Amino acid sequence: MTPGRRGWEDFGVDAPSPTPAGGMPELRSWTLALPFTAPLSANHLRGLHWGAARRLINPWRDSAIVLARKARIPRLERFTVVLHFAPRKAGQGVRDLDNCSAMLKPLVDGLIKAKVSVDDNAHHYTPTAPVIHPPTGEPGRLWLVVVDLTGPATH
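Residue numbers (numbering that gives the first Met the number 0): 0 to 154.
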């Protein structure tokens, strides 16, 4: 497999046969542009009073709810999400994937609240590592890609 490409087996799904040219079936996905310029760091949240932490985390969950409903994402039997971060400059905010991962839980919780899936347990949700892109020089941006792992896209 080519580095950077993800096949069905990476998500624990058997690929249907035959596959399109290129060898990888298309997966339905939705891209949600998040209204934040940098993710919160797990280090920043550590040690905060639960109320203070909740005030920082709730906007992430609420954004996922609103954006998923706006995108009209149907109920998915199995799904994953990929959080993308394009920083303004090198070293801005989060420098490693583990810190960036801290925002996945409230985003996925928001998707569940928006009824994208019935639960975020291992049967319905497959965790995926965030992607940190090279600096853009533009204001930082984040987006969430919701991927349907139930089956191939139908046209």
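For the record, the hints were derived by calculation from the structure and aren't laboratory data.
Computed from a predicted model, the values in this text were never measured in an experiment.
Even glycine gets a Cβ: it sits at the ideal position worked out from N, Cα and C.
One should not assume that every hint holds.
[What the hints assert, rightly or not] Label pairs and their in silico Cβ distance ranges:
1) R74 / D95: 17 to 25 Å
2) K88 / P58: 22 to 30 Å
3) T149 / L55: 19 to 27 Å
4) P58 / R87: 18 to 26 Å
5) R45 / E76: 16 to 24 Å
[As the list claims (entries may be wrong)] Mimicking EDC-like on lysine to aspartate or glutamate, the simulated pairs with C-alpha atoms at most 20 Å apart in a straight line are:
6) K69 / E137
7) K104 / E137
8) K104 / D61
9) K112 / D97
10) K88 / D61
11) K114 / E137
12) K88 / E137
13) K69 / D97
14) K69 / D95
15) K112 / D147
16) K69 / D147
17) K104 / D118
18) K112 / E137
19) K114 / E76
Verification of the supplied hints:
1. The hinted window of 17 to 25 Å between R74 and D95 is violated, with their beta carbons roughly 33 Å apart.
2. Distance hint for K88 and P58: a CB-CB separation of about 24 Å, consistent with the stated range 22 to 30 Å.
3. The beta-carbon spacing between T149 and L55, approximately 33 Å, falls outside the hinted interval of 19 to 27 Å.
4. For the pair P58 and R87, the beta carbons lie near 20 Å from each other, so the given range of 18 to 26 Å is met.
5. At roughly 35 Å, the beta carbons of R45 and E76 sit outside the given window of 16 to 24 Å.
6. Distance restraint check for K69 and E137: the Cα-Cα separation of roughly 26 Å exceeds the 20 Å cut-off, and the hinted pair is therefore not satisfied.
7. For the hint pairing K104 with E137, the CA-to-CA distance comes to about 27 Å; that exceeds 20 Å, so the pair is violated.
8. Simply put, K104 and D61 have alpha-carbon atoms about 12 Å apart, close enough for the 20 Å limit, and the pair holds.
9. The hinted pair formed by K112 and D97 fails the criterion: a straight-line CA distance of about 24 Å is larger than 20 Å.
10. Straight-line distance between C-alpha atoms of K88 and D61 comes to about 27 Å, which puts the hinted pair past the 20 Å bound.
11. With a CA separation close to 33 Å, the supplied pair K114 and E137 exceeds the 20 Å bound.
12. For a cut-off of 20 Å, the pair hint linking K88 to E137 stands: about 8 Å separates their Cα positions.
13. For the hint linking K69 to D97, the alpha-carbon distance of about 29 Å lies beyond 20 Å, and the restraint is violated.
14. For a cut-off of 20 Å, the pair hint linking K69 to D95 is broken: about 30 Å separates their Cα positions.
15. Under the criterion of a C-alpha separation no larger than 20 Å, the hint pairing K112 with D147 is consistent with the structure, at around 17 Å.
16. Taken as a hint, the K69 and D147 pair is honoured in the structure, with Cα atoms around 17 Å apart against an allowance of 20 Å.
17. The straight-line distance between the Cα atoms of K104 and D118 is roughly 12 Å, inside the 20 Å bound, and the hint therefore holds.
18. Proposed proximity of K112 and E137 is contradicted: the alpha carbons are some 32 Å apart, above 20 Å.
19. Distance restraint check for K114 and E76: the Cα-Cα separation of roughly 11 Å lies within the 20 Å cut-off, and the hinted pair is therefore satisfied.
Violated hints for the displayed structure, listed by number in ascending order: 1, 3, 5, 6, 7, 9, 10, 11, 13, 14, 18.
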